[in-house]
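Peer 1: Here are the chains, one letter per residue:
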Amino acid sequence: MQNFNSINFRTWSKLGQRGAFFGMAIFDVVEHFDNAMVVTADLASLSGLDRFINKFPDKFLNIGIAEQNMLGISSGLAQEGKIVFATTYATFITMRSCEQIRHYLGYMKSNVKIIGSGAGLVMAYSGNTHYSLEDIAILRAVPNITILSPADATESVKTAMAAAKHDGPVYIRLTGGLNQPMVYKEDYNFEIGKAIKLTNGGDITIFATGSMVYNSLEAAKILKEKNIGVSVVNIHTIKPLDEECVNFCSKQSKLLVSVEEHSKIGGLGGAIAEHLCSLSNHPPLLRLGILDQFRHAGDYKYLLEQNELLPEQIAAGIEQKYSLLN
Amino acid sequence: MNQTTELRIIELATKLRFKSLKMAFEAGKNGAHLGGGLSLVEVFATLYGGIASVDSKSPDKETRDRIIVSKGHCVLPYYSVLNELGFISDEELAGFETNGAPLYGHATRNLSFGIEFSGGSLGLGLSYAIGVALACKIGNRKNRIYVIVGDGECNEGIVWEALMSATHFSLDNLTVIIDHNKLQYDGNVAAIMNMASYKEKLEAFGFHVIDVDGHNIVELYEAFQNNISGKPSAIIANTIKGKGVSFMENKKEWHFSTLTQEQYNQAISEQVNK
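Going line by line, the protein sequences match chains H and V.
In terms of numbering that gives the first Met the number 0, the first sequence opens at residue 0 and continues consecutively.
In terms of numbering that gives the first Met the number 0, the second sequence opens at residue 0 and continues consecutively.
It is worth saying that the hints were derived from the structure and are not from the lab.
One should not assume that every hint holds.
Said to hold, decoys possible - Derived DSS-like pairs: lysine-lysine, alpha-carbon spacing no greater than 27 angstroms straight-line:
1) H:K54 / V:K136
2) V:K136 / H:K108
3) V:K60 / H:K164
4) V:K56 / V:K136
5) H:K223 / H:K263
6) V:K250 / V:K28
7) H:K184 / H:K223
8) H:K263 / H:K193
9) V:K14 / V:K181
10) H:K108 / V:K60
11) V:K242 / V:K200
12) H:K253 / H:K223
13) H:K193 / H:K225
14) V:K181 / V:K200
15) H:K108 / V:K14
16) H:K164 / V:K181
17) H:K225 / H:K320
Working from the sequences, and respecting the hints, build out all of it.
Peer 2: As structure tokens, this is what we get:
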């Protein structure tokens with residue numbers, strides 16, 4: 000088993016979410032579950048799977064550049080008793096094979112874990128074809144799919160075993176690049192469906208997911224200096240949403256904020272908004288995320304900046320909205 | 000094939016045609032896929048009656064043969080044969096296309112019914128069958144995997160992705176049956192999207208391919224047993240859409256339709272007087 004200690008946390012952070020998942024965590028999974036397998040669509044080396052393939056050649060299949068077929072094959076394997084981890088870029092696995100996910104995973108409940116890497120904007124100069132802006136919105140509407148979105152590389156490691164133990168289809172959305180900043184510096188308990196409150200502040204709650212958890216923590220620090228108290232909650236499970244946590248925070252705060260490296264439409268913010276509107280009384284919700292546009296490419300930081308998702312921009316956006324409330 | 004087996008399959012085929020017509024008639028205004036159901040009667044009868052090893056008393060037995068129906072709308076003979084083999088009771092069969100009942104217009108995975116795969120969205124069964132065939136190989140099982148696809152269904156791109164992978168993984172435990180009844184929803188298969196020779200295409204993909212008369216059980220029976228080590232098999236079953244009912248044969252209008260009492264009577268009398 001991987002040791003959840005600070006030395007490993009730093010190593011994983013260098014590898015990023017995908018590197019930690021396929022370079023480290025997946026070994027625990029196959030050592031714990033003899034029936035686990037990894038399947039990819041011509042993205043083995045890039046996913047950091049070379050070491051895995053060398054060690055477990057019989058537990059790996061490359062299907063070629065055929066994402067739809069990859070999920071059909073994964074489903075057949077799963078219905079015959081395998082736990083299948085199928086991976087390629089988030090954009091291709093959730094959109095090229097969208098109906099396959101609905102049919103084989105949602106409808107047939109095949110025990111397949113789809114690992115979408117490079118979600119959000121991290122594919123940078125590759126351009127919009129390689130960005131995954133809509134994956135949460137699309138998959139959230141499909142019954143029976145659990146959606147996980149880890150905050151950092153350590154949490155990415157945790158999702159691997161949690162997904163393997165979960166009996167049913169799971170989508171794991173991996174965000175951020177190499178050298179991803181650490182949200183977690185010590186071990187903690189990860190449970191699917193249980194949101195984690197990272198800071199306590201009485202004025203505002205930020206619900207953040209994936210790469211935006213770290214940026215939200217930084218934004219909260221900026222706001223704290225301005226005497227605005229912010230609770231930051233890591234929503235690592237987008238579906239099923241931890242509604243109890245949202246209810247609780249809604250009672251404690253004057254403003255709710257969602258931050259995600261995903262379209263402002265239909266993602267975490269959408270999920271929270273759908274839940275909030277069933278409450279008779281709740282604070283306003285500010286949804287921060289990727290703008291509803293295809294824009295020119297650039298480096299990762301440039302793209303986050305264009306979408307106002309850097310910590311100081313998140314803080315400024317929240318401060319402005321908050322000032323209008325008073 | 001010995002005479003007993005041949006007679007058993009012929010008798011089964013006759014029952015399937017009767018049952019299919021009865022199911023379609025009783026579905027009333029809800030309608031049923033008659034044409035592409037009737038084209039597969041002999042394929043189902045031969046496969047379930049003389050070839051495949053499946054047992055309704057242990058429907059999830061690991062070593063069973065897997066019959067995967069990708070062409071999910073051919074439920075008339077499919078449910079009928081599962082009923083004949085004891086997977087589906089008469090009461091359950093009578094619930095076909097009634098509110099809330101498990102047997103609807105496209106078969107949905109239910110192992111106790113002997114249904115391996117949820118059909119309905121075309122093209123998805125073959126890719127699934129590749130995964131099943133791989134798992135059976137990995138598990139050193141000696142069973143076979145049969146997958147039934149329609150000729151129009153082969154317009155779907157994922158079918159060709161799956162065919163590509165069947166030979167790549169040397170799945171000689173796999174038999175693909177293409178129901179080549181030459182009609183799809185909008186009309187003649189060759190006119191809608193001409194696939195030319197299925198045999199040549201599948202051979203180019205590395206399959207061992209046999210062309211048969213899909214209503215001739217002797218040819219079908221032999222084709223099912225004609226397999227080659229290291230290669231997946233394919234059977235092009237040349238069939239007639241609506242086979243066995245004069246006014247339905249080769250008529251695209253009978254792809255999905257309802258039966259009046261008069262039409263039903265005539266269809267049944269054609270079976271009796273065959």
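Peer 1: Determine for every hint whether it applies to the structure shown.
Peer 2: Here is what the structure says about each hint:
1. The straight-line distance between the Cα atoms of K54 (chain H) and K136 (chain V) is roughly 20 angstroms, inside the 27 angstroms bound, and the hint therefore holds.
2. Restraint check: the Cα-Cα separation between K136 (chain V) and K108 (chain H) comes to about 23 angstroms, which is no more than 27 angstroms; the hinted pair holds.
3. Among the hinted pairs, K60 (chain V) with K164 (chain H) is consistent with the structure: their alpha-carbon atoms are about 24 angstroms apart, no more than 27 angstroms.
4. With a CA separation close to 24 angstroms, the supplied pair K56 (chain V) and K136 (chain V) stays within the 27 angstroms bound.
5. Only pairs whose Cα atoms come within 27 angstroms are accepted, and K223 (chain H) paired with K263 (chain H) is accepted, the gap being roughly 25 angstroms.
6. About 20 angstroms separates the Cα atoms of K250 (chain V) and K28 (chain V), which keeps this hinted pair within 27 angstroms; it holds.
7. Straight-line distance between C-alpha atoms of K184 (chain H) and K223 (chain H) comes to about 21 angstroms, which keeps the hinted pair within the 27 angstroms bound.
8. Between K263 (chain H) and K193 (chain H), the direct Cα distance comes to roughly 23 angstroms. Compliance with the 27 angstroms bound is thereby established for this hinted pair.
9. Proximity of K14 (chain V) to K181 (chain V) is assessed by CA-CA distance (about 25 angstroms); at most 27 angstroms being required, the pair is judged to hold.
10. Of the supplied pair hints, the one linking K108 (chain H) and K60 (chain V) holds, its CA atoms being roughly 20 angstroms apart against a limit of 27 angstroms.
11. Between K242 (chain V) and K200 (chain V) the CA atoms are separated by roughly 26 angstroms; this keeps the pair inside 27 angstroms, and the hint holds.
12. The suggested pairing of K253 (chain H) with K223 (chain H) holds, with an alpha-carbon distance near 15 angstroms, which does not exceed 27 angstroms.
13. For the suggested pair K193 (chain H) and K225 (chain H), the alpha carbons sit about 30 angstroms apart, so the restraint of at most 27 angstroms is broken.
14. A C-alpha spacing of about 16 angstroms is found between K181 (chain V) and K200 (chain V), which places the hinted pair at or below 27 angstroms, so the restraint holds.
15. Simply put, K108 (chain H) and K14 (chain V) have alpha-carbon atoms about 34 angstroms apart, too far for the 27 angstroms limit, and the pair is violated.
16. Annotation: proposed proximity of K164 (chain H) to K181 (chain V) is violated, straight-line Cα distance about 47 angstroms (limit 27 angstroms).
17. Restraint check for K225 (chain H) and K320 (chain H): satisfied, since their Cα atoms lie roughly 14 angstroms apart, inside the 27 angstroms limit.
Violated hints for the displayed structure, listed by number in ascending order: 13, 15 and 16.
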